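Given chain A, work out where chain B should sit, using these hints.
There are 2 protein chains.
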Amino acid sequence: MTITYEALQALGLSIDMTRGKPATEQLDLSRALIDDVAQVGYLSRDGIDCRNYGHVLGLPEARELGAQLLGVAADQVVAAGNSSLELMHDVLAFAMLHGLPEGEPWRRADEVALLCPAPGYDRHFAICEALGIRMIAVPMLDDGPDMARVEALVASDSSIKGMWCMPLYSNPTGTIYSRETVGRLARMPAAAPDFRLLWDDAYRFHHLTEERYASPDIVDACRQAGHPDRPLVFASTSKVTVAGGGVAFLASSRRNIDWWQRHVSVRTIGPDKLNQLRHVRYLRDRSTLERLMDRHRAILQPKFEALDATLSKLLGDLPDVSWTRPFGGYFVSLFTPDGYAKRTVEFAAQAGVVLTPAGAAFPYRVDPRDRHLRIAPSCPALADIERAAQVIALSLREALAEGGARAA
Amino acid sequence: MTITYEALQALGLSIDMTRGKPATEQLDLSRALIDDVAQVGYLSRDGIDCRNYGHVLGLPEARELGAQLLGVAADQVVAAGNSSLELMHDVLAFAMLHGLPEGEPWRRADEVALLCPAPGYDRHFAICEALGIRMIAVPMLDDGPDMARVEALVASDSSIKGMWCMPLYSNPTGTIYSRETVGRLARMPAAAPDFRLLWDDAYRFHHLTEERYASPDIVDACRQAGHPDRPLVFASTSKVTVAGGGVAFLASSRRNIDWWQRHVSVRTIGPDKLNQLRHVRYLRDRSTLERLMDRHRAILQPKFEALDATLSKLLGDLPDVSWTRPFGGYFVSLFTPDGYAKRTVEFAAQAGVVLTPAGAAFPYRVDPRDRHLRIAPSCPALADIERAAQVIALSLREALAEGGARAA
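For the protein sequence lines, the chains are A and B, in the order given. Sequential numbering from 1 applies to the first sequence in the working numbering. Sequential numbering from 1001 applies to the second sequence in the working numbering.
If we strip away everything but chain A, and leave its shape as in the complex, we get (with noise of 0.2 Å):
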């Protein structure tokens, strides 16, 4: 029998598909980090109290498990609060107020943009519209950026600042850069000379098969190309251990940690080096990881799987329909035909499954197609997905039907 989207609405669902939040489930994988506080103590192993002020750059130890993770030496690493979103902030931040180390400050710019493959990540979007900066959105197709209009554009105006990438599993289309497309982007000129890829490596443990994707070394591969300053790494613990209270990493040359620090200092006298030591002590080393990771994995995949199970079923027959089956990440990228999504969110919402607005993935919010999802599975009980995705499905159908019924 098949299931009718009336008869799910008269179900009084309620379902947040909006963020990526982890679920319960995956926060209780890491109760050790809360329950062993008390045998981890205060101190360091260099015997720093980690109560007391001071370390602006982050604990030591810290410092050098975010450097084994990320691939890069210690002194090329901060180790900081809570989340990468407020390093991505601070450093535009910083950027607009005091200028790179190479240039004058953004605010002194007449015209300060960066570039922003579409679909991409909403916080990137609201930060440059927070500080004024224009976006210009490149098309994300399935190896990374279309890097022939990226090229053009970077070498040709010198407004363009930078650009955000999520290089693995990028949110939300869970594009794997390839690595043309990154060498491309550490060697392309600039006609910026303080020109910044800001790199968002968010998911860069977060593999939903046993393929274990890694994305190339983008510090090593500009610093070969002559552009030693160009890539700002950021990544964090947030999706790896508790997401209000992981530790957040920045990665970068020497010079621009060296001007991180310059700027940070008068903001902070240090980070919380007790919640660094309590995760270094748990998390130990890449290795260890990596096997939380797999944890982590056996509870999402399953979320993915259903949800790509019951969109095949109920909207495998329409051809202008697509949706990803990502590697890792987060997220998966439904495509309707041109002009449904905010029609298709609005159904889904009536029937109690709440999507990410409708054009968030894109800059100013505006999906110029308007046929494009973010669907958050991690977050809902696996028994919840099952029946979220046939509201979603059933949702674009009656869109499509209304629309249909309005052509006629």
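Treat the hints as calculated values from the structure; they're not laboratory data. Quantities reported herein were computed from a predicted structural model and do not represent experimental measurements. A virtual CB, placed ideally from N, CA and C, is assigned to each residue, including glycine. Incorrect hints may appear among the rest.
Unchecked claim - Simulated restraints, written as ranges between beta carbons of each label pair: (1) B/T1018 to A/R212: 46 to 52 Å; (2) B/D1046 to A/R295: 27 to 33 Å; (3) A/D36 to B/T1018: 33 to 39 Å; (4) A/D28 to B/A1155: 40 to 46 Å; (5) A/R295 to B/R1255: 44 to 50 Å; (6) B/E1102 to A/R45: 32 to 38 Å; (7) A/G403 to B/Q1039: 56 to 62 Å; (8) A/I3 to B/P1105: 39 to 45 Å; (9) A/G132 to B/S1158: 43 to 49 Å; (10) B/P1105 to A/Q39: 47 to 53 Å; (11) A/T288 to B/S1158: 56 to 62 Å.
Unchecked claim - Not close to chain A: a few residues of chain B, all C-beta gaps over 12 Å, as computed: (12) S1014; (13) A1032; (14) A1137; (15) L1153; (16) D1272; (17) A1298; (18) R1325.
The following block gives chain B in isolation, referenced to the frame of chain A:
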């Protein structure tokens, strides 16, 4: 027998009195904050899973604790990360980038200035300098800043956007703003419509005697005076629990809190609620916190007394030399005859006692009379304080003798 400067030098001392750091014994007072984490767990009173994302203004019960401590309503309080310095920096950075609710972004103004009672807190001044905010020094008198001067400047100059205030046990003079001063600050007309009092209540609970001084409620005073948005109150538990991992608070009008929320939401999904939960369970309420502060006082008071006793013994005969005997806070100010502060710091350093650089307590690090020294007696062991005070006193005498010889 009288100790000499040379004899002290021969001791090979190494005592750091540069910063207001808590001593290890003080940090040990809050061992339960670390030892009892497993019992505290992660679920808030309201069932919020503190491990996950969200609550950008802080955990509700942390905001309630802040409200009780600061004497305002909970919806007028933000509970944030690990230092009030960050909040002060970000308030000014947001004002610069985005403007306050009633004004243009400060970056668009030809000039932006803040009044800086001096001597004052060097980190306040560093924020101004970094952001390109002009600092206008106003003299600090016995009952607070020179109000006649403040009122005249603020009423006539619309580029003056605000004023730094440490109302209780001011850093570094220990000044307690009088009731009249606070009333005048609340009432005074300001030429700038977005004029703000940056009210750093760092030492609200940090008494050094049995007398618990209290500053008048600035939020209420400004509201009654028809300037509800004028005060931005900052405080933290950094010198209550652990210096590197406390909870910071911002209190103000609802309008200012809404403004803060709008801009900080771009920067973060929320603070570390686990740390906030631990703090709420450990500190409980105002009277529990005050009992803890009594134990801090028991550690600090003898250090301040030993410093005072030694300075009295070795400098009491010099009519042009004076120092503060603060009723709270973390600092002693020593005033030398004009022109001797820098040289005294140099002599002290040569005898192994590091003081805050002379001039640090003034805008642009310039003490126009070169006569102020900031002494931070909290961190060294009590046994070292007498020695350090001897070094400081005899260093001043060395400087004076050198000056006398030069003059002769």
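Right, here's what the structure says about each hint:
no.: 1; hint: B/T1018 to A/R212: 46 to 52 Å; result: holds (48 Å)
no.: 2; hint: B/D1046 to A/R295: 27 to 33 Å; result: holds (29 Å)
no.: 3; hint: A/D36 to B/T1018: 33 to 39 Å; result: holds (35 Å)
no.: 4; hint: A/D28 to B/A1155: 40 to 46 Å; result: violated (60 Å)
no.: 5; hint: A/R295 to B/R1255: 44 to 50 Å; result: holds (46 Å)
no.: 6; hint: B/E1102 to A/R45: 32 to 38 Å; result: violated (50 Å)
no.: 7; hint: A/G403 to B/Q1039: 56 to 62 Å; result: holds (57 Å)
no.: 8; hint: A/I3 to B/P1105: 39 to 45 Å; result: violated (53 Å)
no.: 9; hint: A/G132 to B/S1158: 43 to 49 Å; result: violated (24 Å)
no.: 10; hint: B/P1105 to A/Q39: 47 to 53 Å; result: holds (49 Å)
no.: 11; hint: A/T288 to B/S1158: 56 to 62 Å; result: holds (58 Å)
no.: 12; hint: S1014; result: holds (16 Å)
no.: 13; hint: A1032; result: violated (10 Å)
no.: 14; hint: A1137; result: holds (19 Å)
no.: 15; hint: L1153; result: holds (25 Å)
no.: 16; hint: D1272; result: violated (4 Å)
no.: 17; hint: A1298; result: holds (19 Å)
no.: 18; hint: R1325; result: holds (26 Å)
In summary, the numbered hints that this structure violates are 4, 6, 8, 9, 13 and 16.
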